[in-house]
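Sequence lines, in order, name chains A and B. The first sequence begins at 1 in my numbering and counts up by one. The second sequence begins at 1 in my numbering and counts up by one.
If you are wondering where the hints come from, they were derived from the structure by calculation, not from laboratory data. Positions of the beta carbon are idealized from the N, C-alpha and C atoms, including for glycine. Do not rely on the hints blindly, as some may be mistaken.
[What the hints assert, rightly or not] Listed next, the stretches of chain A that the computed footprint assigns to chain B, with coverage defined by at least 3 CB atoms under 8 angstroms from CB atoms of chain B:
#, region
1, 43-51
2, 268-277
3, 570-576
Protein chains: 2
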Amino acid sequence: MTSLTALYAADGGNRPELKTNLGVDYVIHYKFPTDQAEAEAGFTQLIEDLTRVGLASEVRRGDDSSVLVFVRVASNKYLSTHIYRERVQDWLHGVRATAPEKDVEKEFANDPVTEAERLRMVYLLIAKPKNEGGAGITPKTKQWKQVASIFPLHNHMFNREWIKQSSTKYVLDERDLDQIRNKFGESVAFYFAFLQSYFTFLLFPAAFGFGAWLILGRYSLVYAAVNSLWTVVFFEWWKKKEVDLAVQWGVRGVSRIQHPRNQFKWDYEAVDPVTGEPVKVYSPTKRLKTQLLQVPFAIACALILGALFIFCFAIEIFLSEVYNGPFKTYLVFTPTIILTGTLPMLSAILENFAQKLTERENYKTNDAHQAALIGKIFVINFLTSYIPLFLTAFVYMPFGNLLVPYLDFFAATAEKISSENSVTIQGFQINPHRLKSQMVYFTVTAQVVNLALEVVVPYVKRKVFKEVEKVQSKMTKNGEAETNQDAPDEHAFLQRVRNEAELDVYDVAVDYREMVVQFGYLSLFSAIWPLTPVMFLINNWVELRSDLMKIAISCQRPIPWRADSIGPWLNALGFLSWFGSVVSSAIVYIFSGEGEGPGGDPSNIKTWGLLLSILCAEHLYLAAQFVVRYALSQTDSPGLQKERAERFSMRKRLLEESLGVEATEKPIPPTTRTGEKITRDVLEEQARRISVSGGGTPEQLFWLRQQGMDETIQIGRQLISQAKVSK
Amino acid sequence: MTSLTALYAADGGNRPELKTNLGVDYVIHYKFPTDQAEAEAGFTQLIEDLTRVGLASEVRRGDDSSVLVFVRVASNKYLSTHIYRERVQDWLHGVRATAPEKDVEKEFANDPVTEAERLRMVYLLIAKPKNEGGAGITPKTKQWKQVASIFPLHNHMFNREWIKQSSTKYVLDERDLDQIRNKFGESVAFYFAFLQSYFTFLLFPAAFGFGAWLILGRYSLVYAAVNSLWTVVFFEWWKKKEVDLAVQWGVRGVSRIQHPRNQFKWDYEAVDPVTGEPVKVYSPTKRLKTQLLQVPFAIACALILGALFIFCFAIEIFLSEVYNGPFKTYLVFTPTIILTGTLPMLSAILENFAQKLTERENYKTNDAHQAALIGKIFVINFLTSYIPLFLTAFVYMPFGNLLVPYLDFFAATAEKISSENSVTIQGFQINPHRLKSQMVYFTVTAQVVNLALEVVVPYVKRKVFKEVEKVQSKMTKNGEAETNQDAPDEHAFLQRVRNEAELDVYDVAVDYREMVVQFGYLSLFSAIWPLTPVMFLINNWVELRSDLMKIAISCQRPIPWRADSIGPWLNALGFLSWFGSVVSSAIVYIFSGEGEGPGGDPSNIKTWGLLLSILCAEHLYLAAQFVVRYALSQTDSPGLQKERAERFSMRKRLLEESLGVEATEKPIPPTTRTGEKITRDVLEEQARRISVSGGGTPEQLFWLRQQGMDETIQIGRQLISQAKVSK
């Protein structure tokens, strides 16, 4: 870690081990089991399997109970064939608009292999199932549970340059995104593109929100309406932008040809109706049945998390606003302690359950699996993030006075426990600022804490682990000796790799989750406090940079997967944008006006008024969405246009090659003369034939009456003049 | 007309003139102006223009002031080139999945030219603008205002067979639809496919509605929910089916390459970014501004039609339920008379206005123009069809008692007029059956009347015109002589053509409109009377057959346009389906229960209850839509699958042709030996080079430590055993 920090320090760190990866594509961290025979057999199998798919390997010491296997492709030509073949496949499936060049070398000269492409291909060789030509090595599963991780090495020179650049400029431009794409793959690049767009779009609500905060105050209808409209514009714009980016990066539709999950279980094999190759099939109705379990799952999540929050909420209200006994200063922290203690645990249990459920749904591809999992995790996140505000806005504020008497239960308990000290109950009054202060907490405190956790915790964790390991090694008394077993010229490099092996695996879903939840606060609750977007704007400026740092320094280099959109998060955004219209309008209706809310008395709210404003808001939202969508559909997207042009010119070229140029050119329109000539020739020929056969069909006779244009005109004029005369 | 009826009569009518079209592709009905010189000049121009684009023509007498120009292509080879070229264009634009055969004759042998294809191509030759290679003849516009109509001749033998078949079987199967498509084009075929699907789908709500009528009674929540769910399923299913049909008919995406409108006015020319050809551009923002006029237009329509209906409604209520004076029996018809007199006129004015507005929007293609026009006409139809029921359900029934006193205005007027007779006002009481009887009127009476009008009116109209003409001809005293100017062998055929020239032009939009309005009654109001779908089922069985008859007998043969969907009507259906959830839930909430409605007193309705039920119903609707859409998306559509397979195999073939077979085959995975060999060769080569240069780069040295798989395994085992020993 220290060596990494050094590199990114101002002096640049003159450490040669960070400047080269020695041609290593992947490092496999092999933690061997205690049984020596098993360990050796597993290791032998690993190296054999790697060699069989054309990978060269070197082995070095890891820590006390692991070795590091360095992997690279044995022959670059072999890798090129694979990459070329993938490009052809892309074209066959319509991902690329143009076919690759026939000449392989020319193709690679025109469109060089990026680091991401190379690493992805090598990873596929390692990870694809054996029957599809890979080594079938999946970390931590069945046969390969000794394989702790498979990771590419960071390109630290690039990372350093990149962090330096991005911290000095305001926006990531296209070139920056292209660089991210080339190094970390489209999946990560889409996240940064999204974050950048979101940040830029936030400028407007931040400015407007600031103005609204100065002039309109809280719970402003105007602010809520503008904010909602903004979410619509942003969402619709991003949908378009996303497609554009996918086209630009040549990955549009790539989600259709994703690689199969190794864990997929199939019912039977059938012939793929599209490619004609055999495919594994799992009955969709069986899956649909399993998917239905999501409904009870979501209900269970809502009940469990709801119960926890209501419990803590009740205690909090009681302690802070009713209770007036001893230790009040300390006791008010009880709910916070309960939440901090139980919520992460509960979330982890539920997420684990979601994982199990998704596995039972048995998806065929990693993408589908991931999307289904994200859907469930979104439900959990939605509940944990927004329940507290829902409770305050729609339970505490309107019904507080009715519900507080029920808190006497706590009073009784408290009296029982501390029978010596008399517990005095102070007169309860709704705290009208509770909602705002909660919102401030979520938009400022929580974001700062979160950011700190993201940066600090992994650092501390690693530090501690390091120390523990050092102590352990010292206890075994040969720590020093072991490290010295490294060849001197490799020592620094190997230490660096050992460090990288200890890092966390980067999961882009975690970063998306954070942003989507933030978008939810903005869409649903920002009418409570119009400064919300300003806070988010500041936060995201830091977030973008800290995420870059996270990938570069505190995580292993991610495997550069391809993607053609931000995937299931798009639906989550759409849902939050829509739901925002409902929640904001309800909040504005309930809280706007003099008193800042109903003050705990539901009779201050007219149910029909509330429902009517929700109904109106939602339909205005849908109408706005329709208009924005239509307006955006009228502007052609440059990416799509380029793609269509490429497809068209490719088709035309192919056509000219195979059909000849004439087919694409217009047929020569017959001139007056040629047209006539054809007619006359045909007619004369017909006349001849008719005179030979003696008579003619009615059709022949019909078309022979006027031979050629001139006669038709002549007869026509006669008919016209006759009609005139007869009148 | 009589000859046509004879053909379709039981005996089959042994009339040879109906059995052949004498090779005529199109008939141009040229009505010459009174000025002879102008008439002859126009005619000459017409024939010259036709000849110039390669069409042969014959002229015959029409009626007193018109001639009939018979047109066919001068050379079939020339037509074939055009058709082949269109097929190539289709492929270039991605409408066809496969390229046409290189050999033109083989292509036409594999995929013969249909009547529809031929007729469409000839029509395009006649109608396309001159700069695009057509003769630019558009009936009734500018230069060509003497051209009354351009129509193909019916294939009566086919029509007869087809009507016979369809009246004896219950459903149109795929073969029938294919036949319609081959004769009348995809545009008409889509209508019949839609009507057939709608009819089949109606079986379920008809059965359920009948059951509901017996058991649940009116305003049943269960019926409304099931009905709404049915509209969702039908709508989503049809969206899928439509795509499937388009693929099957090879027209998917054809709406993208529609032919330009002759009336389109452009701002400037630019280069098409896709095809690289020059295109005419009209600023979309200018168009958007014109399109915004739709909003005041819709509001004006609503106000005008609303005012008319409210006026008639008020009179009706007054006369039928309040007034008790003289002539009551006759006076009750007043509103009906007013409506019958003014509504069609008002609709016509508004539709005319819609037409003007759409022309000002200046669309580039006929399709876009048509779609925009249909959108506006749908608004007018929506208002004229549903306002009466809205007034009864949401004004009369809940607010009747409050509003009736205002009708005293009429009483005063009546008293003034008939001052001698005393007008007695009877005690007003809401008529609880009014809504149901109105619904019965719209679902039974109106449909029957409509059907009758569709069949009978054109017949009568033609009969009358015929008689008038005969009388006119007789008055000019040479009617007989003129008809006898026909060549005897052509007389019967020419008479038949003269009849067809008098027929109406078939407009598929009129038929769609009827069905969409019907779907609206079903979706919005059928909870009022659950027998509604039964009535519609019966009506549509007849409708399907009468529409066939209409095309075959009482209209000119339509020009066989292509289409890839039912177009803008799809949006109308979607809107009605969604709006149905809102309206039905409101009706069920207001009317269900003992009293059959609020009985004119709004205090019987709880506003919050009404709003809550609308809110719930709508969201349940949206949720159901989401689920149905997801479920349907899981089942692959056979048409799309076929298309993807075709595309894939075409690409593969092209690839093999141009790149050789290897490119598509898997690269040979290196065996243990070959893989090793590569590595070893490389390593030995490296070792040699290093020894020559004396030393090596760190990278070379790193990868040289373990030469080949066996050494890696050996060293790995050592490392593992050392770790074990050291513990």
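Against the structure, the hints:
1. 43-51: holds (count 5)
2. 268-277: holds (count 4)
3. 570-576: violated (count 0)
Checked against the numbered hints above, the structure violates only hint 3.
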